[in-house]
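S.K.: Bring the two chains, given one by one in their own frames, into a single complex with the hints.
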Amino acid sequence: MDILQHIGEISGQACNTYLQEAKENGGKIAGYFCQVPVEVIHAAGLIPYRMRAVGSSGTAKGDIYYSPLNCTFTRHCFDRALRGGFDFLDAVIFMNGCDHTRRMYDNWRHARKTQHINPDFLYMFITPHVIAERSIGRYAGEIRKFSQCLSEKFGTEITNDRLLNSIKLFNKQRRLIAKIYEKRKSMGGTVKGSDILSMMIAVTAMLVDAANELLERIEASISDHPETEKPDIRVLITGGCIEEIEIIRIIEGCRAVVVADNLCHGARYFNMEVDESGDPVESLARRYLNKLSCPRMINAFDARMKYIYDTIREYQIDAVITQKLKFCDLWGVENLMLKKEAQRTGFPLLALERELYGEGIGQLKTRIQAFVEEVRNRKSGVGYFKKPVTESDRKNRNAHSHLW
Amino acid sequence: MITHLLAKYILEPILGKKETKYNSWLRQMLVLVGGSCLRPTDYHAAIPVTNALIDYFRRVIQHKKSGKPVIWVDWCFSTELLKGFDALIYTCEAPALISNFIGTRKASMLVEKAEMEGVPPELCSASKGAVAAYLLKEAPEPDLILSTSHPCDSTASLYQLLKYMTGVPAYVVDTPYWDDKESIEYYTNNIRELIQFVEKNLDQKINWDILKQVCENINITNYYTSELTEMSRVVPSPISVIHLLLLWLGRTVTYGSDGLAQTAKGFYTAAKARLDKNEGHLRHERIRIIWWDISLGFYNIHTWLEQEFGAITVADLIGRVEPFHIDTSSRESMIEGLAMTNLKAPMGRHMRGPAEFVTNEFERVIREYKADCFIFSQHTGCTHEWAIMKIIKDICGKTGLPALFLDADSFHARHTSEKQVKRQIREFFINHGLA
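Chain order of the listed sequences is A and B. Going from the first sequence to the numbering used here is simple: count from 1 and add 599. By the numbering used here, the letter at position 196 of the second sequence is numbered 186, and the numbering carries on one by one without gaps.
There may be inaccurate statements among the hints.
As the list claims (entries may be wrong) - Quick look at which bits of chain B chain A covers, simulated, 3 or more residues with Cβ under 8 Å:
| hint | stretch |
| --- | --- |
| 1 | 98 to 111 |
| 2 | 141 to 149 |
| 3 | 179 to 193 |
| 4 | 289 to 298 |
| 5 | 374 to 386 |
What the hints contain is simulated information worked out from the structure, not anything from laboratory work. Just so we're clear, the structure is a prediction, and the values are computed from it rather than from any experiment. C-beta atoms are modelled at their ideal positions from N, C-alpha and C, and glycine is treated no differently.
Next comes chain B alone, as it looks inside the complex (with noise of 0.2 Å):
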C-alpha cells in the first residue's frame, strides 16, 4: 500500500514529464527544502526560508485582498530597503526565476508571450519574462516601480518599457560604474532621494523601527552567507552552491527577513560541523568546479553534477557573499549601508563596472579554491559579459584548467536544453579525464 502510494504520488510526479499542478506543487516543495539535494541535517536549517518565501507568494496573490500598494523593483535592487514601507514589494523578474527553479517550463512560455507581442529576442530572458507576465495578468499591478541603470541593458531598458505599459512613476537608481569615494556618495544620494520618492507618492513614511530590525537580519544573514562562502575553499567542502543559490534565491524577495537569517545560520552550523569532522558535503569528492556566471535556472544541474560526478561547485558569481556590516546606529549610518550592500550585491558588483569588477574576484576564487576546471554558462542575455570572453579565457589559459564555455540561456531551456547541457559537460569531463 505503501509502496502503492509513494509511486503514484511522489515517484511518478517526478519521473513523468506530465506537468499537472500536483506535479508542479511537488516539485515546488522538494526544492523548497533544497531541491531534496541538501542533507538531511540541512533541512531544518531550510524551513524557515521556505516560509519566507512561501508567505511572499502568498502576499503576491493575495494583494489584492491586503489593500497595500504595490511597488515593482528590480532583481539587481535589494528590497530591504523598501520593507519600511508598508507596501507589496513585486520583484519583476520573479516568474522567470521561480517558475525555472521550481521545475516548471512556465518560463519558456513567458518567453514566447513576450517575444510574441514584440519584445527583442537578444532580450535576457529573464526581462521577457516580467513583461509577459504582465501582459497574462500574473503580475500584481503597480503604483510604483522603482529600477536600476545595472546590470545591464537588457534590465534598463526592460523598465522603461514596463513604466511605458504601466504608465506609472518610476524612479531609477542611477548606478555608478567606479567604487571610488564620489561614485558612492552619489550612489548613497540616490537611495536618499529614492526614499522621499516613496515617501511622497505612497504618501507613507518610513518605518525606521522595521528598517533597523531590517538591517540587523541583513548583518545576520551576511555574516553566515560570507562564512559559508568561504568554507568552500576548504578541501573537501563542507557546503555545496546550491546552499548559497538557496539564500540568493532567498535574497531576492526576502532579503532582511528573520527567515533567510536563520536559514544562513543554520546552514552555518550544519556546515561548521561538517567541517570540524573534516566531512564534506559529498561523501566522495571528485571535481571541484568554479562556474564563473549565472548558473542555468532551468534545471538543478549542480545537484546532476554532485550525484552523477561527485563535482561540487565550490564558487560561483551568484551565490557567493562579500562581507560587509550595516552599522544600525543611526539613520544616516544605515542608509549608508543600505546602499553599500546594493553595490555589493552578486551581478550587481560585478557588472556594473570595469572588467576588474568581474576578474580580480574570479582570480582571488582561482587562487584560494583549488579548483579543477571552469563551467560558463554564458547566459545569452549577458553581452557585457560576452563582451570580455577573450579576457576571462585568458585568465583561464593561465591556470592551465580545462574550462568549458557553454551556450546557454540561463532561464530558458528551449534555447539550449538540459540534455544538451548534460551532454556537453560529460562530454568535457571525460575529455580531459575528470571522470
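Chain A on its own, in the form it takes in the complex (with noise of 0.2 Å):
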C-alpha cells in the first residue's frame, strides 16, 4: 500500500492498528492535550495519544455536560468518552490549555463518578501561562512531580537515564518532521498539505519508534510523488485545533498547495529540539515554554508573529489562512491582531471561523475559492504586497492603535 494512502488511514481512526497491536501486547495508553511533555509518558512506559475528535458524528451526549457556547473540539472529544470511544486508554493527562479543555479534567472526573468512565488515571499537568524565567522552575517541578505520579501508578521509575532516551526519540521524530517540512519549501510542490496533516495526526497516535520508522519512509517517497498539476498559490495555515483533512483539501481544489503551518497537528508539534546535554527536566522545561505556541502563551504573540513572518520569506507564502472554531477566545483575539498585522504589512490573510466537524462546509469552500482567486489575480498585478515584510516591520512593536 501506498504510505500516503497508509497514514491517511491511520489518521481516520480514533484507535488504530498500531494503538490495538499494543495493547495486544499489554502495552498502556495514555491520552494527552497540548503542552504536556509526551518524553515523560514514554519514559513512564506508556504511549503517548494525542486527544483528538477523528471520525466523530455528533456531540449529543458532550451536550449534556457543555454547553453550545463550548468548544465543538471539547464536546466531541468528550462525547467519544461518554460512549466508551476512549476505553482503550490507561490513562489521560489534562492541561490547563483553555476554558474548555480544562473543565473535561472536571467532567471527566465527575462522569467517572457517576457513570463509571474509563480510565481511572486521570492527571491535570499544569503548564505556566507566560514565557519567563520565572516559568522554567515552575514548569520543571510540575514534570517532576508528575513523573513522581506516573511511576507510582505505572510502576516504572522515571530515571534520568530513561528520560534522556525518551527525548533522544522524540528530538529524533522532530527532525524527521522538519525534513519533511523543509521539503516543503521547494517551489515544486511535491508533497500536499492535506498529507501532512494525516501524517502529524497519525505519528501522535503511534509508538514514536513506529511512527520514527513511517517518517523515515514518508521522507524518502516524497519525491516519488510530484505534483501533476503545479499549484500556484502557496499558502500558510495557522489556528487552532483542526481535525478534518478535507478543509486542506478544499484549498488544494483551488490550485494552491499549503506549505506549511502553525497548528497543533503541525509546527507547533514539533518546533524546537529539547537540549540533550544538560538537565533533562529542565530542558523540557525551556524547550515546552520557549517553542512555538498557541495564544494560551500569553506574552509570546510577538514570538508567533516572528514565526509568521519568517515563514512567509522562507517558503515563499502568498497567502495566509487563519482558522478558528466558534467560541474560541483566544484565537478569537489572536486572528483579530492577525488582521491588523496583515493590513500593516500587507500579506493576503482569510480568518475562517467553523465547528469541527460542522456543517457549513460548501459555505467554507466558496471563501477559499473566492479568496484564491482574489489572491491569484492580485499576484499577477503590481504592488502583491503593500510593501515588502522586513525586519524591522517584524521588530517594531510600538502601538498599533492607528490601526484601528
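M.R.: Written out as C-alpha cells, the structure is:
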C-alpha cells in the first residue's frame, strides 16, 4: 500500500492498528492534551496519544455536560469519552490549555463517579501561561511531580537515563518531521498539505519508534510523488484545533498548496528540539515553554508573529489562512491581531470560523475559492504586498492603535 | 412648588427612560448611596466609599493635570499593591461595570463599538468595554499594563490585545491552578517580580509605609465584609447582597482605602444592630435566594426582587468575602498577604482552578444559608462556567430546590433585556409556588 494512503487510514481512526496491536501486547496508552511533555509519558513506559475527535459524528452526549457556548472540539471529544470511545486509554493527562479543555478534567472526573467512564487515572498537568525565566522552574517542578505520579501508578521509575532516551527518540521524530517540512520550501509542491496533516495526526497516535520508521519512509517517498498540476498559490495555515483533512483538500482544490503551518497537529508539535546535554527535566521545561506556541501563552504574540513573518519569507508564502473554532476567545483575539498585522504589512489573510466536523463546508469552500482567486489576481498584478515584510516590520512593536 | 420640583428633577428623570446628562448624574448619585435600596440607617455608612469612588473617577478624569503615570490593571488583579506607587491606577473593565451600575446604556454602546472594530463577539462584554473605551479615547493613555492569567481566556487574551494596541510594557501575573504550597510560592514570586517591574518602569520605589496603611485598611475591610457575609445565614437576613456588591464595586478600584474600610465597618454596625434585634434587612423576608454566579450588572435586579417578592439574595459568588488577615509586621509578610488577597478575591478564587473551587463553596453555602432556590445568570462570557453546568445542576438537583438558569450577559442589556429577565424570574417563582 502507498505510504501516504496508509497514513491516511491511520489518521482517520481514533484507535489505529498500531495502538490495537500494542494493547494486545500489554502496552499502555496515555491520552494527553497539548503542552504535556510526551517524553515523560514515554519514559514511564506508556504510549502518548494526542487526544482527538477524528471520526466523531455528533456531540449529543457531550452536550449534556457542555453548553452550546463551548467549543466543538471539547464537545466531540467528551462525547466520545462518554460513549466509551476512549476505553482503550489507561490514563488521560489534561492540561490547563483553555477554559473549554481544562474543564474536561472536571467533567471526566464527574462522569467517572456517576457513569464509571474509563480510565481511572486522570491527571491535570499545569503549564504556566507566560514565557519567562520564573516559569521554567515552575514547569520543571510540575514535570517532577508528574513523573512521580506516573511512576507510582504504572510502576516504572522515571530516571534521568530513561528520560534522556525518550528525549532522543522524540528529538529524532522532530528532526524527521522538520526534514519533511523543509522539502515543502521548494517551489515544486512535491507534498500536499492534506498529506502532512494526515501524517501529523497519525504520528501523534503511535509508538514513537513505529512513527519514526513511518516518517523515514514518508521522507524517502516524497520525491516519488511529484504534483501533476503545479499549484501557483502557496498557503500558510494557522489557528486552533483542526482535524478535518477535507478543509486542506478544499484549499488544494483551488490550485493552491499548503506548504507551512502553525497548528497543534503541525509546527507546534515539532518546533524546537529538547537540549540533550543538560538536566533533562529543565531542558524539557525550556523546550515546552519556548517552542512555537498557541495564544494560551499570554506574552508570546511577538514570537508567533516572528514565526509567521519568517515562514512567509522562507516558504515564499502567497497567502495566510487562519482558522478558529467558534467560542475560542484565545484564537478570536489572536486572529484580530493577525488581521491588523496583515493590514499593516499587507500579506493576504483569510480568517475562517468553523465548528469541528460541523456543517457549512460549502460556505467554507466558497470563501476559500474566492480568497485564492483574489490572491491569484493580486499576484499577477503589480504591488502584491503593500510593502515587503522586512526585519524592521517584525521588530516594530510600537503601538498599533492607528490600525483601528 | 416642592411637588413640582420633585416631579421635574427627581421623578421624571428616574421614571422617564430618556437619557440626558442630568438623568445619568442623578442615577449615579442615587446608586452611589446604595441605589436607594439601602435602609436609611445605612446611608451614612455608604458615604465614605461613595467619596472614595468619586475621588477615583475624579483622578481618572483629571489624570493629565496630575501628570502621574497611568497603570492599567485587570479587574481580577487587586490594585492595593500598586497604591504603594505614585501612579494612577485604571481598571480597564471599569467602564463596562460602572456605566451599567449607574443605570446608563453606555456599556451596550461600548460592546457595539468593540464588535464593529473586530473584537470577537464571544468575548466577555466587560472586556469589550475595555477595548472600546480606549478606542473612543475615554480611557487614560497607559504607561504600563498589568494583568493576570485568570479568571478566563477572555480576560487573558484581552490584555494581549491591549498591549498590542498601546505598545506599552506589560507584565502578566501567572495565576496558579492549584492552591498548594508550590503554587502559592510561585504566585508570590510573581508578585515580587511585579514590584521590580513597576519600580524599574516607573523609576520609582514602592512606598512601604503607604502599603502598610493599605494592608491595615484591607484587614479592616476584610474583617467586616466577611462578618457581613456570614450574617446572611441568619433568618431573616440582616443584610442585603446589595451591601456586599457595593463593597465589591468599591473593592475593584478603591481596595485598601480608608473610605472602603469605613463603609464596611458602618454596614457591619448597622447590620449588627438589626441582628441583635432579630430584625431583617427586609420587613417581610419571603424568599431566600442563592445567586451563584456573576450578578446582572445592567439592572439592579436585587432591589426589584426585594421590593416585588420580598426575595433576598443571601449568598452570591461575587460579593462573598472569605476571612483573611495580612500580617503587616514585615515587607515579606505583606507581599505574601497581598498575594493571598489576590488569590482569594471573588472570581479569582473560584474560576482559576478545578470545579471544586466553585462547587465546594457552593455546597457549603447551600448547607449554611437556608435558601429556597437558586438563580444563575450564566454570563455569556464565562465559558468555563458554562462548561461545568452539568456538575452545578447535579448539585442543585440533590437539594431538591428549584433552580433558574438565565441566559444573560451580565454587562450587556441587549443580550437579554431587563424585561425578559423579570419575566423569567416571575414565572419561575410562580411555577414553584414561591410567589
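S.K.: Test coverage of the stretch 289 to 298 of chain B by chain A using CB-CB distances below 8 Å; three residues minimum.
M.R.: violated (count 0)
S.K.: Count residues of the stretch 141 to 149 of chain B with a Cβ under 8 Å from any Cβ of chain A, then say if the count reaches three.
M.R.: Result for this restraint: holds, n = 7.
S.K.: Quick one: see if chain A covers the stretch 98 to 111 of chain B, three-plus residues with Cβ-Cβ under 8 Å.
M.R.: Holds, because 4 residues of the stretch 98 to 111 of chain B bring their Cβ atoms closer than 8 Å to Cβ atoms of chain A.
S.K.: Examine the stretch 179 to 193 of chain B for residues whose CB is less than 8 Å from any CB of chain A, and state whether their number is three or more.
M.R.: As far as the stretch 179 to 193 of chain B goes, the hint holds, because 3 residues have Cβ atoms under 8 Å from chain A.
S.K.: With a C-beta cutoff of 8 Å, work out whether three or more residues of the stretch 374 to 386 of chain B approach chain A closely enough for the coverage to hold.
M.R.: holds (count 8)
Comparing the model with each numbered hint stated earlier shows that hint 4 is the single one that does not hold.
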